[in-house]
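Asker: Residues per chain are reported as follows:
There are 2 protein chains.
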Amino acid sequence: MLGGSAVHFALAASFFDTVRVVGPVGDDFGAAELGVLEQRGIQTADIERVEGGKTFFWSGVYGWDLNDRQTLVTDLNVFADFVPKLSPESRDCDVLFLANIQPDLQRQVRDQCGGARFVALDSMNLWIEIAKESLIAAISSVDCLILNDSELRQLTGQPNLVRAAAKVLEWGPRVVVAKQGEYGAALITRDSFFALPAFPLEDVLDPTGAGDTFAGGFVGYIAAHPDQEITDELLRRAMAYGTALASFNVEDFGIERVARLTAAEIGERVAELGRITQFVDKPLTLRD
Amino acid sequence: MLGGSAVHFALAASFFDTVRVVGPVGDDFGAAELGVLEQRGIQTADIERVEGGKTFFWSGVYGWDLNDRQTLVTDLNVFADFVPKLSPESRDCDVLFLANIQPDLQRQVRDQCGGARFVALDSMNLWIEIAKESLIAAISSVDCLILNDSELRQLTGQPNLVRAAAKVLEWGPRVVVAKQGEYGAALITRDSFFALPAFPLEDVLDPTGAGDTFAGGFVGYIAAHPDQEITDELLRRAMAYGTALASFNVEDFGIERVARLTAAEIGERVAELGRITQFVDKPLTLRD
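Line by line, the protein sequences are chains F and L. Heads up: the first sequence begins at 126 in our numbering, then just goes up one per residue. Heads up: the second sequence begins at 126 in our numbering, then just goes up one per residue.
Treat the hints as calculated values from the structure; they're not laboratory data. Please note: incorrect hints may appear among the correct ones.
The calculated label-pair distances, taken between Cβ atoms and stated as ranges, are [claimed, not checked]: (1) ASP316/L x TYR187/F: 29 to 39 Å; (2) LEU197/L x ASN250/F: 28 to 38 Å; (3) ASP413/F x GLN195/L: 29 to 39 Å.
Computed, partial: chain F to chain L, Cβ under 8 Å [as the list claims (entries may be wrong)]: (4) PHE182; (5) VAL186; (6) SER215; (7) ARG216; (8) ALA320; (9) GLU327; (10) ASP331; (11) ALA365; (12) PHE378; (13) ALA388; (14) VAL395; (15) THR402; (16) VAL405.
All figures in this text were calculated on a predicted structure; none of them were measured in a lab. Here a beta-carbon is modelled for each residue, glycine too, at the ideal position from N, C-alpha and C.
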């Protein structure tokens, strides 16, 4: 079914700003697939159709509680020979998200967007294992790393999250987001630590794409505030929107739920996230 | 070294109220061990010394990121033949915590404390595997189940946390706390869901006893408010105190850190927990 980082990200981010997708597809990516994006106002002019090619493909199997998954197939297909050439409109972007792909490709895109005021990057264990040096170079050129919690530790060789994030901050980024699946996500900057649980759900059908949907809400929220400094306060609100978006993604297979999502539903879930994380301390004399 | 559920719990709870410990020890539990408890004002009259016996013993090995552990040795020792006989003072308790042990023993203690207004129970995978029926009977007789997240799912056969907790609430308890290790803890009642991350630490030396220390802070906080109804608001504050206490426990081996802890340090960490979980939503018009 339709999926992939760019699609999940773009659908989520489309609630916040105009999204331009850059990437290659094959003959199997037809009018129906393009239509899903265009229906949400997503700009598809930089999607490059490769004649005779096949679109990137991934499949995997989840464990009992959906917290672990095993990759069955990763076919790069048209991504294997992709050389990104961005249109002037895409080069001119204010905010850029480099979705998970070979880090050399991420760097080629990043280099073409010199004017972006906020650049975020996602990656995965595969690139940590086979292209670590290039990945670290790519990370060093962005403002924000968004990565699975366990991969952040793997990447830095630090078993401790706080230390792992601190190491990434030394490389250049000023924001690190550790995605923790159903346990939520943590935001680490030089000044502050913030953690937000996932939205509690009784029915989780398919976690695939939740991380990219989170990124779409998080980065989209920042893009929706072009005139505001990217403070910790703004980033925390962005975390809430990313978390809300991700919670819808897992409620159905593929892109089904987010494709039929409404702005009102997002707002309600962000408000509910505020309520389920709030406690009010009261003075208490403890026994020393 | 000195450890065990009762010891970790009692030390944490001693910051909130007078704690009476019930349980058997062997000849190897001497004046030094008793002194650690008595120094914090913990009542040890119901600790039963078994002549010629050995104290309960546990050892295990933690994985790289300390999130998984493997039990090497569990020796019940003096617990194997223990028949709890509580003093009148202990029977008269207002709040009772049944630390992790064979569930029949937990029920014998619970039955002797008919007047308690709040009873919490902890357990572990071993009893789910070999004494599930008795464990469910014990759980049905208490107000609150405090359990590791994964064990809660194992116990109920529900891979989803919300559904697993709902099943326990059907059995009788009105409060379920799912301990999630370094990802914090979730509180589920019939009316409300609440999640709190663990306190972020750069140096975690030994997670052993963190769950019992959490329980000591959580249950201790409730015990410190004898005249207050146990509302969701009170339970959430109790979660913050439990989380703060647990964060100290892991900073050193065994009971070292909590034994030298001060009330002021606890208060600071609770306040910091409030700050690292706070976000303020602002009105935003999304693109439908």
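Asker: Which numbered hints turn out to be false for this structure?
Answerer: The structure breaks hints 4, 5, 6, 7, 10 and 12; every other hint is satisfied.
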